[in-house]
Structures are given as C-alpha cells and as structure tokens.
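> Sequence:
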Amino acid sequence: MKQVEPNIRFCSTFSSGIKARVRSIRTVSIRSDIFLHLSFSGSYAPRTFRPPGIRQSSRLNLRQVFLPADFHARRRRKQLKPDSEPSLPDIVLIAAVARNGVIGADNDMPWRLSTDLKRFKQMTLGKPVVMGRKTFLSFGGKPLPGRPHVIISRDPDYAPEGAEAATSLEAALERAGTLARELGVDEIVIMGGGQIYAQAMPLANRLEITEVEADPQGDTRFPEIDPEIWQETARVAGDRGDRDSANFTFVTYHRSNGG
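Everything in the sequence shown is counted per this note's numbering, starting at 118 for the first residue and increasing by one.
Source of the hints: derived by calculation from the structure; they are not laboratory data. A portion of the hints provided could be inaccurate.
Stated by the list, open to error - When the alpha-carbon atoms are kept at most 30 Å apart in a straight line, the in silico DSSO-like pairs for lysine-lysine are as follows: (1) 251 to 238; (2) 259 to 244; (3) 251 to 235; (4) 238 to 259; (5) 259 to 235.
To be verified - Here are the in silico distance ranges between beta carbons for each label pair: (6) 364 to 288: 20 to 26 Å; (7) 357 to 222: 19 to 25 Å; (8) 291 to 315: 18 to 24 Å; (9) 256 to 354: 24 to 30 Å; (10) 301 to 334: 20 to 26 Å.
Remember, it's a predicted structure, so these values are computed and weren't measured experimentally. C-beta atoms are modelled at their ideal positions from N, C-alpha and C, and glycine is treated no differently.
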C-alpha cells in the first residue's frame with residue numbers, strides 16, 4: 118500500500134517514558150479492519166511495548182500485537198473449507214391452529230377441514246416430512262404417499278413401517294436434508310406434534326399456519342408466534358366447503374432478518 122511520509126515530527130511516549138520518533142506511517146488492511154503500521158528509527162525503537170513471543174525489532178508491527186493468536190489458523194481453516202457446500206433446505210413448519218392455540222386433542226385434530234388437507238397435500242408432496250412418533254401413529258402408523266418420512270422416537274429400536282426413524286430432531290433433520298438433496302427439493306416439512314414444533318421453531322425458516330376459527334378443548338398447543346421474530350407475509354381467507362367444520366385462514370410467516 119502507499120507509504121505516507123508525515124510532514125511533522127511525531128513522538129509517542131510509551132510506558133517506560135522513552136520517546137520514539139516515528140520514521141514512517143503506512144496503513145495495513147487486513148480483511149475489513151485497518152491497522153497502522155508504525156516504523157520506528159532503530160535507535161528509538163521502544164523496548165517495553167513488546168508482548169511475549171514477539172522478537173525485539175526496529176519495527177513494531179501492530180498486526181502482531183492486536184490480532185488474535187489464532188487468526189491465521191482460523192483463516193487457513195476457512196481457506197481449506199470447500200467453496201461450494203450443499204445448501205441446506207428450508208425448514209417449514211405446517212400446522213392447523215385454533216384461536217386458543219390448540220392443535221390436537223387425544224392425539225387427534227378437534228375439527229375436520231377437508232380443504233386444508235388438500236392444501237397440506239399440495240405443500241408436502243414430494244418433500245421429506247419429519248414428525249414425532251405419536252403424530253405418525255395418529256394417521257394409522259403408515260406413511261402418506263409420495264413423501265419420505267422421518268419419524269422421531271427416543272426408542273433406538275423403533276422401526277416404523279415404510280419410514281425411517283431418528284432418535285432426535287437433529288438426527289431427523291440431517292437425514293431429511295440428505296433426502297431433500299437426493300430428491301432435488303429445497304424444503305423439509307415439520308408436521309408435529311407439539312414438542313417437535315417447539316424444538317424446531319428456532320430452526321425454522323417459514324411457518325405455514327391454517328388459522329381455525331374455533332376454540333376447542335385440547336391437550337396439545339402450537340408454540341407462540343413471536344411477532345418480533347416472525348413476519349406475516351401472506352394471509353388468504355379459506356373457501357369453506359361442505360366437509361369443513363369451521364372457517365379458516367391460510368397464513369404464511371417468514372423469519373425476519375433479525376430473528
């Protein structure tokens with residue numbers, strides 16, 4: 118970089134009381150940070166302002182003084198990291214939620230919404246779906262057609278028919294991510310139940326919520342949707358049909374930039 122010669126004499130007093138006259142000043146740019154590189158005259162080089170492990174020299178390199186000890190090691194690790202890693206699929210939570218937050222009662226939904234089920238099928242078909250064991254059993258313990266299933270169970274010996282099993286949400290998401298890449302899709306869908314939603318909420322990119330205009334009794338609730346974290350991006354009133362037991366609205370939330 119360009120060397121700048123000061124027009125005036127500049128002195129810096131260090132803790133020892135020795136005055137060192139600066140011979141030249143130049144800036145050193147390291148990534149986004151700017152440091153000054155001061156070059157001292159040999160006979161005036163300060164002797165006490167020297168961190169352990171740095172040889173005494175007529176030049177005091179502030180890069181050695183102020184950079185963290187592992188800076189170069191971390192930079193090497195980053196350079197060794199592949200430039201193109203597989204992008205992680207979006208994690209989408211999909212649920213029908215009553216006005217009082219209820220999503221289930223006795224391992225079943227406390228309403229019948231045929232229109233919502235059709236939309237659910239359209240949004241999940243061809244994508245990996247992740248759910249808890251109870252949710253899987255709630256629709257007969259058999260996978261929905263056209264969607265690879267990963268079922269979460271604490272039992273390491275659990276072997277669901279026609280589906281894969283994982284003992285934690287993290288393991289399930291890792292497996293579902295692999296399946297998504299194999300299928301060429303960019304989403305993983307979380308289907309419940311309540312505890313799985315709560316665990317996945319901090320990791321999710323999007324929420325697809327069907328707001329059900331009802332206040333049923335229930336034992337399972339959807340986590341609170343914090344407006345400071347989640348931004349509503351779409352709201353469409355549902356067209357209630359003869360096989361729908363309540364009015365409903367389709368609402369989409371995206372995680373805000375600061376969320």
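> Against each hint, give a clear statement of whether it holds in the structure.
Do the hints match the structure? See the list:
Using a Cα cut-off of 30 Å, the hinted pair residue 251 and residue 238 holds, with the two alpha carbons roughly 20 Å apart. Distance hint between residue 259 and residue 244 is fulfilled; the C-alpha atoms sit about 16 Å from each other, no more than 30 Å. A distance of roughly 22 Å separates the Cα atoms of residue 251 and residue 235; the hinted pair therefore holds under the 30 Å criterion. With a C-alpha separation of about 15 Å, the suggested pairing of residue 238 with residue 259 holds against the 30 Å cut-off.
Restraint check for residue 259 and residue 235: satisfied, since their Cα atoms lie roughly 18 Å apart, inside the 30 Å limit. A hinted range of 20 to 26 Å is violated for the C-beta pair residue 364 and residue 288, which are about 39 Å apart. In this structure the hint that residue 357 and residue 222 lie 19 to 25 Å apart at CB holds, the actual value being about 21 Å. Taking 18 to 24 Å as the suggested C-beta distance range, the pair residue 291 and residue 315 conforms, at roughly 19 Å.
At roughly 27 Å, the beta-carbon separation of residue 256 and residue 354 lies within the given 24 to 30 Å, and the hint holds. Range check, residue 301 to residue 334: about 43 Å between beta-carbon atoms, so the 20 to 26 Å window is missed.
Hints 6, 10 from the earlier list are contradicted by this structure; the remaining hints agree with it.
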